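Enquirer: Could you put the whole structure together from the sequences, leaning on the hints where they help?
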Amino acid sequence: MLKRILNSESRSVTGAALLIGATTLLSRLVGIVRDRTFAHFFGAGAVMDAYYAAFKIPDLIYNLLIVGALTAGFIPIFTRLFYESDDKSKAWKLASNIITIVGISLGGLALLGMLLTPVLVKIIAPGFSGEELGLVIIFTRIMMLSPLLLGISMVIGGILQSLRQFLLYSIAPIFYNLGIIFGVVVLRPWIGLSGLAWGVVLGAALHLAVQSIGAYHNNFRWRWHLDLADPDTRLIGKLMTPRTLGLAMSQFNAIVVTILASLLPIGSITVYNYANNIKDVPTGIIGIAFAIAVFPLLSRLTAEKNLAQFGARISETARQIIFLIIPISICFLLLRAQIVRVVLGTGAFDWDATIRTADTLAFFSLGLFAQSLIPLFARAFYALNNTKTPFVVGVISELLTIIGSLVLMGPLGVAGLALASAAGATVNMIMLGILLRKEAATIIDQKLLPMLFKVATAGVVMGSVIQILKYPLAKIFDQRYFWGILSQGAAAGLLGLLVYGLICWLLRVNEMILFQNSFKKRWLKLWNIGEGIDQAEKL
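Residues 27 to 565, numbered by my numbering, are exactly what the sequence shown covers, in order.
Calculated from the structure, these hints are not laboratory results. Worth double-checking, as some hints may not be accurate.
[To be verified] Here are the in silico distance ranges between beta carbons for each label pair:
hint, residue 1, residue 2, range
1, Asn-411, Tyr-497, 48 to 58 Å
2, Arg-506, Ala-334, 50 to 60 Å
3, Tyr-109, Gly-156, 56 to 66 Å
4, His-243, Trp-531, 40 to 50 Å
5, Val-433, His-243, 44 to 54 Å
6, Pro-144, Ile-422, 28 to 38 Å
7, Tyr-507, Asp-378, 12 to 22 Å
No experiment lies behind these values; they were computed from the predicted model shown. The beta-carbon is built from N, C-alpha and C at its ideal position, and this holds for glycine as well.
Expert: Written as structure tokens, this is what we have:
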């Protein structure tokens with residue numbers, strides 16, 4: 027029974043999106059607990075600045091070698107090998123080959139990174155010195171083990187995605203965050219501050235263990251196999267190259283932001299990362315969930331050379347994302363202080379840190395809609411076997427983000443870095459949408475513009491309701507206590523969302539009707555994925 031649940035196959039795009047979205051929500055909630063734990067013990071100060079700075083080098087290694095390969099190359103090729111015949115040995119052999127290559131590559135880079143850590147840290151955190159610099163070095167050397175574990179885990183996760191088994195893939199990040207929390211609460215009092223970094227390594231090990239269970243039950247057994255001349259492995263390398271270069275630019279941007287934030291007042295790196303983590307909650311639940319769920323269908327339509335349906339599916343999915351992300355963006359913008367205080371307002375996290383983080387979150391929220399659509403548009407290009415266009419667009423947008431950061435950090439401080447990020451994401455989304463329309467023909471269809479007008483109208487009324495209500499609600503609920511702030515924010519936000527839903531219903535927004543109808547259907551109804559997103563199950 028348990029095996030059947032863990033390895034159940036999501037046959038509909040909607041079912042997969044709901045599953046991924048639900049588990050992502052749970053993962054993000056655990057992530058919020060993680061950040062609240064950090065805020066309670068360390069606030070927004072030197073220790074957390076060192077902790078987040080130490081992540082940059084391991085993240086760079088992991089993102090360049092793994093994320094690009096999976097999203098652009100491994101999954102489509104493994105899927106083809108797995109389903110083209112009853113003989114699965116070719117697919118399993120490819121997976122073993124990729125895991126071997128990943129293990130050797132990341133293991134070597136981890137060792138090299140440990141040796142060069144003192145030099146690299148001075149580059150990514152030039153504003154640090156003394157004890158804080160030493161702490162970054164200790165954290166970084168320990169965290170160098172995590173890319174190796176996460177890299178192997180993500181290849182195994184690619185196998186599960188190819189088999190449309192999203193449950194273990196989706197809950198693995200929960201265990202990653204639980205490992206980090208264990209490091210803060212248990213390891214830190216036992217072995218000191220280095221326990222924070224060992225918690226990251228523990229989380230990565232749990233991430234790998236969870237997904238390995240699913241792969242094992244699908245009869246995957248890793249065998250030593252190293253063949254760099256294998257045609258399918260070479261094709262993965264060819265497809266991942268532009269994607270990897272694009273991620274290199276993105277990681278370079280993240281390092282630049284860390285460098286700039288290290289030159290700002292103490293706590294700026296922490297404030298930026300706290301706000302960024304909160305911002306990532308809706309983008310993960312909505313944007314990434316739908317993008318992952320629709321990707322297999324887009325790949326199949328491309329193989330069938332059915333570009334009309336390809337464009338229609340992208341347009342449908344984009345409208346669903348916009349419908350859901352707009353009200354969340356408004357809540358984040360207008361209730362930013364309440365959100366930050368509820369999530370992080372404990373222990374050493376004082377009111378000054380709350381205001382700085384809230385202001386940063388406000389600017390991040392301006393780009394939420396763009397950051398939620400980018401994963402969909404990028405995967406559409408990957409389905410078309412075009413990884414160059416997202417790379418070029420990504421480079422342009424990242425350069426604009428860096429320029430914007432340099433210009434805005436002076437007058438706005440760390441909040442200026444968030445505004446530059448939102449602006450860069452918006453440029454990225456617009457360029458991808460325009461270029462994708464030329465290639466797939468129907469990104470902007472006759473339904474999109476009327477829907478945008480109706481949703482914008484509902485959003486304006488919703489925002490007005492929240493803004494009007496939050497001040498009298500503050501007098502009703504005592505703002506000196508956690509439950510008072512939570513009650514004020516929750517009441518204003520929920521009433522605003524109800525108004526948004528009511529207006530969308532009155533204006534007959536199709537996505538609202540579909541959202542309503544989805545609750546009348548059995549959740550995760552197993553329809554054949556070839557049917558795409560059914561009219562009554564688009565959400």
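Enquirer: Determine for every hint whether it applies to the structure shown.
Expert: Status of each hint after checking the structure:
{"no.": "1", "hint": "Asn-411 / Tyr-497: 48 to 58 Å", "verdict": "holds, 54 Å"}
{"no.": "2", "hint": "Arg-506 / Ala-334: 50 to 60 Å", "verdict": "holds, 59 Å"}
{"no.": "3", "hint": "Tyr-109 / Gly-156: 56 to 66 Å", "verdict": "holds, 57 Å"}
{"no.": "4", "hint": "His-243 / Trp-531: 40 to 50 Å", "verdict": "holds, 44 Å"}
{"no.": "5", "hint": "Val-433 / His-243: 44 to 54 Å", "verdict": "holds, 53 Å"}
{"no.": "6", "hint": "Pro-144 / Ile-422: 28 to 38 Å", "verdict": "holds, 34 Å"}
{"no.": "7", "hint": "Tyr-507 / Asp-378: 12 to 22 Å", "verdict": "holds, 19 Å"}
In terms of the numbered hints stated before, the structure departs from none.
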